[in-house]
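Enquirer: Since chain A is already given, all that's left is putting chains B and C on it; use the hints.
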Amino acid sequence: MSEQPEVPLKGRSLVTLDDISTHQIEELLHKAAYIDSHRREVAHTCDGRVLATLFYEPSTRTRLSFETAMLRLGGSVIGFAGAQLSSVSKGESIADTLKTVSNYVDIVAMRHPKEGAALVASRAASVPVINAGDGGHMHPTQTLADLATLMSRFGRITNLTVGLCGDLTFGRTVHSLIETLCRFGNVNFVLISPDELKTPQYVIDRIKATPSCSYVEVKDLAAVIGDLDVLYMTRVQQERFFNEDDYLRLRDTYILDEEKLSHAKPDMAVLHPLPRINEIAVEVDNDPRAAYFEQVKNGMLMRMALESSLLGDELPGYVPLQPKEVQA
Amino acid sequence: MSEQPEVPLKGRSLVTLDDISTHQIEELLHKAAYIDSHRREVAHTCDGRVLATLFYEPSTRTRLSFETAMLRLGGSVIGFAGAQLSSVSKGESIADTLKTVSNYVDIVAMRHPKEGAALVASRAASVPVINAGDGGHMHPTQTLADLATLMSRFGRITNLTVGLCGDLTFGRTVHSLIETLCRFGNVNFVLISPDELKTPQYVIDRIKATPSCSYVEVKDLAAVIGDLDVLYMTRVQQERFFNEDDYLRLRDTYILDEEKLSHAKPDMAVLHPLPRINEIAVEVDNDPRAAYFEQVKNGMLMRMALESSLLGDELPGYVPLQPKEVQA
Amino acid sequence: MSEQPEVPLKGRSLVTLDDISTHQIEELLHKAAYIDSHRREVAHTCDGRVLATLFYEPSTRTRLSFETAMLRLGGSVIGFAGAQLSSVSKGESIADTLKTVSNYVDIVAMRHPKEGAALVASRAASVPVINAGDGGHMHPTQTLADLATLMSRFGRITNLTVGLCGDLTFGRTVHSLIETLCRFGNVNFVLISPDELKTPQYVIDRIKATPSCSYVEVKDLAAVIGDLDVLYMTRVQQERFFNEDDYLRLRDTYILDEEKLSHAKPDMAVLHPLPRINEIAVEVDNDPRAAYFEQVKNGMLMRMALESSLLGDELPGYVPLQPKEVQA
Chain A
963 MSEQPEVPLK GRSLVTLDDI STHQIEELLH KAAYIDSHRR EVAHTCDGRV
1013 LATLFYEPST RTRLSFETAM LRLGGSVIGF AGAQLSSVSK GESIADTLKT
1063 VSNYVDIVAM RHPKEGAALV ASRAASVPVI NAGDGGHMHP TQTLADLATL
1113 MSRFGRITNL TVGLCGDLTF GRTVHSLIET LCRFGNVNFV LISPDELKTP
1163 QYVIDRIKAT PSCSYVEVKD LAAVIGDLDV LYMTRVQQER FFNEDDYLRL
1213 RDTYILDEEK LSHAKPDMAV LHPLPRINEI AVEVDNDPRA AYFEQVKNGM
1263 LMRMALESSL LGDELPGYVP LQPKEVQA
Chain B
963 MSEQPEVPLK GRSLVTLDDI STHQIEELLH KAAYIDSHRR EVAHTCDGRV
1013 LATLFYEPST RTRLSFETAM LRLGGSVIGF AGAQLSSVSK GESIADTLKT
1063 VSNYVDIVAM RHPKEGAALV ASRAASVPVI NAGDGGHMHP TQTLADLATL
1113 MSRFGRITNL TVGLCGDLTF GRTVHSLIET LCRFGNVNFV LISPDELKTP
1163 QYVIDRIKAT PSCSYVEVKD LAAVIGDLDV LYMTRVQQER FFNEDDYLRL
1213 RDTYILDEEK LSHAKPDMAV LHPLPRINEI AVEVDNDPRA AYFEQVKNGM
1263 LMRMALESSL LGDELPGYVP LQPKEVQA
Chain C
963 MSEQPEVPLK GRSLVTLDDI STHQIEELLH KAAYIDSHRR EVAHTCDGRV
1013 LATLFYEPST RTRLSFETAM LRLGGSVIGF AGAQLSSVSK GESIADTLKT
1063 VSNYVDIVAM RHPKEGAALV ASRAASVPVI NAGDGGHMHP TQTLADLATL
1113 MSRFGRITNL TVGLCGDLTF GRTVHSLIET LCRFGNVNFV LISPDELKTP
1163 QYVIDRIKAT PSCSYVEVKD LAAVIGDLDV LYMTRVQQER FFNEDDYLRL
1213 RDTYILDEEK LSHAKPDMAV LHPLPRINEI AVEVDNDPRA AYFEQVKNGM
1263 LMRMALESSL LGDELPGYVP LQPKEVQA
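Residue numbers (this note's numbering), protein chains in the order written: chain A, 963 to 1290; chain B, 963 to 1290; chain C, 963 to 1290.
Check before you lean on any hint, since a few could be wrong.
Just so you know, same-sequence chains aren't split out, so a pair can sit in one copy or run between any two.
As the list claims (entries may be wrong) - Below, in silico cross-link-like pairs of lysine-lysine (DSS-like), each with a Cα-Cα straight-line distance of 25 Å or less:
(1) Lys-1222 with Lys-1061
(2) Lys-1259 with Lys-972
(3) Lys-1061 with Lys-1259
(4) Lys-1061 with Lys-1181
(5) Lys-1181 with Lys-1160
(6) Lys-1222 with Lys-1160
(7) Lys-1170 with Lys-1259
By construction, these hints were calculated from the structure, which means they are not laboratory data.
So here's chain A without its partners, still in its complex pose:
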């Protein structure tokens, strides 16, 4: 954890979580918890601020979360989403669009189908840019939502046994969560997937390079569910399989229902990045272990923490974390 000297968040962009220190991540988690219990006090933190949501591909859930976050802080929003963007894409470069929009707003949340687009945008803009997803690459605020959910359930993001289940090959949220947890250390990963959808080697290498972390790879959720503090579900898509028989044979193994959940610890937390199709049975929603709609709320709270921090707008009454407390 030999990180470089910390650069304050004010005025900066967030393209990947590697842009910020572990202490800053903990500060954001601390802020999110403060915001949740002080909704009224923070409601004017960003009065007069304007956020632009530039969504070159639609992602309604993420867009609404960024927008609500700014509104709940007192600011306002402009933007475009998917079909509305035609005139922007009329041959104009991302750099020119960001230089233009920098004249209008105080902060930008951008989603783009192309890997690297957020980095290009952040370099052209004269205001902070938050990466709201660029291709299969990075989606840092989803990982912040995941971490905040662990924090709200366990009061910590370390010393946990974290199961990740389903498609571990293509699920970028899973990779990003593993890599970020490795920065904090002291996590046991249980990687649960069919052979066709195992965790990529570079992610395994990241765990191996972290002395305080360990991992096992297994195929059967039911066999390990009793060991887990956290179960992070993802969807197993049929098109990932060579033949339908394999898919049909395996599918049910990776569907969480009340029967499987009955073997889990009473305080295990079930996470899912949503949207969920059928990989978690609807009956699970009412189980107190279901944390995936809380995760949605935590995503909004972390975006509130992030937006206010990058803008340099201080939350009234908020007392920052002491660095000493953090470095346990």
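Expert: Coordinates of chains B and C only, in the frame set by chain A:
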């Protein structure tokens, strides 16, 4: 009128007008009138509130009305409309979307092409849901706009002769208005349509079951226009007819122009749910009896009354109706 | 300059710049400069106001500029853009849409592909309508942005040598700028284009009819760049040429790069209506003479000045121009 005990509006959803009592409808009408004459006083009633407009099919007029209503009360808005929704519809259930959005906002206005969607939504959401139209089914705030227009023109919604003209078979706004007026009683309905587009039997039965109401069915607008206090126009669409000859022969009978209007009472009110194509001649717009653009304003006012009531936000200075005054 | 007596801006629409006096244009320029240096003071000028952006064709850049302008004045925004509009266009006339929307909002910015649409809209609406572009016709706020950029660079919009380069046949922004500068007089125009894309005769006639203005038509940017105070670039599109050879031969002549710029005056200002494709090399962006992103900011400031003026909302602390000062 043996209604069940009244449940307060605060925190509830509105799927159909049957969800609320006649006294609550009168209260909303009273609030709308108060709002109209106290625009400044009510401008911060919903400060800090957020409305989501979830429009699974576009209906720009209705969406803008709900949004303006919230803005005019001091709140703000997020949402999607039609083409923007792709990621939401990516297989996610309405219930999951509403559970997600409940984490962001204080109240939802939803439009969906499928009958029953609003009921499903209201059950999944943890915040109030207003039905902004679901299929051919229900669109309760349109009826509220109609009632408010009668109230602003006549000071009452009873003891009126109400003509409904045009397509009485498929026009859901007409059915909903008739059924709601029957709850209050003392209305004479004049049902004006070609044979091909008569009022459905279940609506006729509703009138028959109301001792204080009566009806006649006629084909010729000109013959009855002099008797009417209210003329509710709807469009006669060519595709409803078996052959073009019938359509062409009948069409003009159901077009309101200044000539026909010259036989009407001087204080008759002309309503129309809009958009209007050619069933009301443009020359009528300047006649003081034209009330259809007022109806648009009344729709916004009723949505302001409804949104603030479901949120439980009290209008500054507003004195509620006394139940005694209501039960005349 | 024998203009008609001035009608105050409050409550009026802006369809073309001919609707307002030169003194009012100067007042708007003066207001925009005031707004830029008093952002905080003006942030509540339009509290409680609502703007509708009715964009029947997408123009994201323009829409976001109008919206930000209203938000920066404390107001809020509703509207539609492109794909969202389907229900509006469902056969409803522009007049009916504007009569409807007039019940919701305080001011409208409308863009429409059809020439004359803004005039129709302004006549139907009971609130001010700003033309945000109608067909190939008029786009007055772009010209206001151009003028504000001259004003901020030179402190004046007269006594300048203004080069206009590229497609002078089809570029409506160029025609509108020339015509408006002629109203103020004392400008030397240098019209730089290939033979295929020369300035239309009616624009030339406008210059000829202005005794204090002059013009030359040339083909070569490099030969005249040293004489210019202002260089207004536009794009030369391949489809305007009869054959590809001509296009390829000419293209580079109308691309501005650092080499050409090295022959220009040190305080020349480079303008462009954006989006830019390749007609200005990216290397020019960092040259202090590049004014095209400033132009974006000035567009927003002029829209703030315009919106507040048409609404009749006074900017706190603002002292109006004295007519005497203006008529130099």
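Enquirer: Confirm or reject each hint.
Expert: Comparing the hints with the structure gives:
Within a single copy, Lys-1222 and Lys-1061 get their C-alpha atoms only as close as 52 Å, which misses the 25 Å cut-off; across copies the closest is 23 Å, which meets it. Both within a single protomer and between protomers do Lys-1259 and Lys-972 lie at most 25 Å apart by alpha-carbon distance, with minima of 24 Å and 23 Å respectively. In this assembly of identical chains, Lys-1061 and Lys-1259 lie within 25 Å of each other by CA distance solely across copies; the values are 10 Å between and 32 Å within a copy. When the C-alpha separation of Lys-1061 and Lys-1181 is checked against a cutoff of 25 Å, the pair qualifies neither within a copy, at 49 Å, nor between copies, at 31 Å.
Within a single copy, Lys-1181 and Lys-1160 get their C-alpha atoms as close as 9 Å, which meets the 25 Å cut-off; across copies the closest is 64 Å, which misses it. In this assembly of identical chains, the alpha carbons of Lys-1222 and Lys-1160 lie at most 25 Å apart only when taken from the same copy (21 Å versus 57 Å across copies). In this assembly of identical chains, Lys-1170 and Lys-1259 lie within 25 Å of each other by CA distance neither inside one copy nor across copies; the values are 32 Å within and 51 Å between.
In this structure, the hints that do not hold are numbers 4 and 7, in rising order.
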